[in-house]
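Protein chains: 4
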Amino acid sequence: MSDITETQNNWLSEDDLATARSRLPIVYVDAVPVRVDDLGTISHVGLLLRATADGSINREIVSGRVLYGERVRDALVRHLEKDLGPIALPRVPPSPQPFTVVEYFPNADISGFHDPRQHAVSLAYIVPVEGDCIPSHEALDLVWLRPDEVVTPTVAAEMSPGHGKVVRHALAHAGRPF
Amino acid sequence: MSDITETQNNWLSEDDLATARSRLPIVYVDAVPVRVDDLGTISHVGLLLRATADGSINREIVSGRVLYGERVRDALVRHLEKDLGPIALPRVPPSPQPFTVVEYFPNADISGFHDPRQHAVSLAYIVPVEGDCIPSHEALDLVWLRPDEVVTPTVAAEMSPGHGKVVRHALAHAGRPF
Amino acid sequence: MSDITETQNNWLSEDDLATARSRLPIVYVDAVPVRVDDLGTISHVGLLLRATADGSINREIVSGRVLYGERVRDALVRHLEKDLGPIALPRVPPSPQPFTVVEYFPNADISGFHDPRQHAVSLAYIVPVEGDCIPSHEALDLVWLRPDEVVTPTVAAEMSPGHGKVVRHALAHAGRPF
Amino acid sequence: MSDITETQNNWLSEDDLATARSRLPIVYVDAVPVRVDDLGTISHVGLLLRATADGSINREIVSGRVLYGERVRDALVRHLEKDLGPIALPRVPPSPQPFTVVEYFPNADISGFHDPRQHAVSLAYIVPVEGDCIPSHEALDLVWLRPDEVVTPTVAAEMSPGHGKVVRHALAHAGRPF
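These protein sequence lines map, in sequence, to chains A, B, C and D.
The opening position of the first sequence corresponds to residue 1426 in my numbering, with each subsequent residue numbered one higher.
The opening position of the second sequence corresponds to residue 1426 in my numbering, with each subsequent residue numbered one higher.
The opening position of the third sequence corresponds to residue 1426 in my numbering, with each subsequent residue numbered one higher.
The opening position of the fourth sequence corresponds to residue 1426 in my numbering, with each subsequent residue numbered one higher.
Simulated from the structure, these hints should not be mistaken for lab results.
Don't be surprised by glycine CBs; every beta carbon is placed ideally from N, CA and C.
Where hints are given, some of them may not hold.
[Stated by the list, open to error] Quick look at which bits of chain B chain C covers, simulated, 3 or more residues with Cβ under 8 Å: (1) 1445 to 1454; (2) 1483 to 1495; (3) 1512 to 1523.
Okay, chain A solo, but in the shape it has when bound (with noise of 0.2 Å):
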């Protein structure tokens, strides 16, 4: 679907990637996965579980940088089917008006959104996907949550601070009340 694959970035080397990240804000997307049912309601979440460098376990949202020449739409799907798989049929919205931007620092005082690698702005969307989920790139699973399961506790404590809150949004934004 997306022509533009990392492979093609290979040019620019990890160590030129590093010193940029540490000169330029980088450019992200951040896509909510749901399952909407047939009037556009979410009724489920779609989080997927990955190991962290110190051993832990996350669940996460979907997120990733967008590539030189490539379009945000065409970044969006590219992480969506690296990460939920080549059939998950991501319903990209028309609009590249994003729900909201999320901006990641270093310093995590700076908006309460922390990344320790890099000065990220990352445009947020929601993204119905319809097709068959196969979580296929560092991933150990997929897990989809209920709306009302999502925004407990432990399932809050289970995710990034950062992500836990664009989930959050996410929900408030398709209207769903907590």
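Position chains B, C and D relative to chain A; hints supplied.
Frame of chain A, contents of chains B, C and D only:
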């Protein structure tokens, strides 16, 4: 899908509705039906052809009122299925945030959007439709036009001025420059 | 500022309004009054204190209906000036796109937003106010609370559940994580 | 107001910035400066006059990049003050949700928005300015045009095609039909 029908509403007589329309703003939804590709990019906009009372033929988007007790998303699906048929498979967005609010007034000078019958406050959405469309309700036909065709003066002249503006705004909102 | 007053509307008798409220969704606006700093960051949220019919005291945001012939932005200014006084200097946003649409129903189960009197479809906006505020209409007082204070369980318990959700959503929309 | 200045960024040499611009999308903000009345209705749009490298003169909106460690709202205020002077009093909106995201590419065919220097992902906002404006940075002049003047072919021809589209979209977003 929607369990509220116009029939249910018959106890609000035509007279009562006429009275209400002369005294209260009426809640409406405007839906711009679109075909999208796998990336969510709009490939075509759907316009209904209708005969007006004076015998002329107009191109229109889907539009109608929200009934008492009905959710906005139910109203969207009801009007889309009424106009595009029962297997149109509209993908109503998860969020109730409209891309704009259109204020139609009997006096065309107030907002630039005119409705001789009423003061309507209309929540406007872009709605991808994935199924087969069979114009089924008072419509002569349904045409699918490319974004560059929709904004031509010829097509614009065949639409009501208000609907033309809503469609152009929808395309701008979807990132289609013109 | 707004040249439409409730008085003008007196010909819609209380009886007629009651009848309409039992048959049609009513167009509302919800405004979350805020103080912002020079960067537009919310420093405080304004909450009105009102005595309810049963003698309890509630914290509330500004809310009210849109009149026949009135623009949404006129309704916002009218209600803000009615509740916060004539020199509150509300800065109504240039765009009519609300941050959310709140659907209040007599049946609390439909949307999670409850209004025993009516089915209201409310366009919700964040509105910075720059002037002096003098609660002037049926309000006992006006308090300005910091975002971290507004989301405490104590304050939440003093608001109607619906207004509490609208305020938390407004803060999330403004990028204030919680 | 903003405590991050271009000076601070000098350690990112022109060479390094040029390299980054050829490899990474750059985070930008586009601001459409407007004068509004007491109801928030746009009365005028502010356009800068600048001499381009080839000697022609262009009308432009405010636009510039977000620096490492800088919040989006700081970047907005910094660029607005740089272009409109220190007492322009821009009213940056409380929410980071832009009205659109503009994707500028060196290849004009990708999105219809062209920037020969870089791939920029620009968050676009409408920003009311309340103070005195003194064009202060590389601008020859600043003109305030009514919405109906801005959309004339004559004015459109004096703007870059991209900025012309952003301004028309901003006006549509603000409910100004055209």
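Now the hints, each set against the structure:
Requiring three or more residues with a Cβ within less than 8 Å of a Cβ of chain C, the coverage given for the segment 1445 to 1454 of chain B holds, as 7 such residues are present. Note: the segment 1483 to 1495 of chain B has 5 residues with beta-carbon separation from chain C under 8 Å; the three-residue rule is met and the coverage holds. Residues of the segment 1512 to 1523 of chain B with a Cβ under 8 Å from some Cβ of chain C number 4, which satisfies the need for three, so the listed coverage holds.
Hint compliance for this structure: no hint is broken.
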